[in-house]
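Undergrad: Sequence:
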Amino acid sequence: MGEEIGHPALAGGSWPVIGVRVRREGRGLRAASWRPAPHAVLEDVLLPCTWPELERLAQIAAGRSRARVYVRGLDGADAEPLLVLCLRGAPGAVRVEGPLSPVAETLTTRARAAVLRVAAVHREAGRAEEAQVWRVRARQILKDRRAARRGRSVRTASAGLPSLGHRR
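Mapping to the working numbering: the sequence shown position 50 is 54, numbers consecutive.
Keep in mind the hints are simulated off the structure, nothing from the lab.
Heads up, a few of these hints could be off.
[Claimed, not checked] As a list, the in silico SDA-like pairs of lysine to any residue whose alpha-carbon atoms are at most 20 Å apart:
1) Lys147 with His43
2) Lys147 with Gly96
3) Lys147 with Leu86
4) Lys147 with Pro85
5) Lys147 with Gln136
6) Lys147 with Ala108
7) Lys147 with Ala123
8) Lys147 with Gly93
9) Lys147 with Glu29
10) Lys147 with Thr110
11) Lys147 with Gln63
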């Protein structure tokens, strides 16, 4: 268990994306935003294919975490500069500015779709146990999203204010 796959987009496979407005500087990134920004162009940004990143993105989108979302260039994408969502600390990452709430539902749905796609890749490779683990992870994202809708999210519990770890 724990066998990771290379990003399917590098091999031309279909993969969930989300629209982010990006301002480039040469081949690098200058800025990124969820909402319109000066000199920014709407681009399809890939979701990652590793569980820790997908899990965290789903938690952020569902309101279970206040962490920020970042964008970076996809390693190994030489022909065309592909971008991928990531978490803080990734080399070359630029923070996505603006409120997440307008795209939160879409991000949660796309994160779940990415998890199911990883499960399919493992199943196609004959790794049934790995595929089952990823399907369980997709189910957990669905449960977290439903719980957030019922008001069990960090944002709902604190009315958008810092809660210092306490929930109502």
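Undergrad: Which numbered hints are broken by the structure, listed smallest first?
TA: Failing hints, ascending: 1, 2, 3, 4, 8 and 9.
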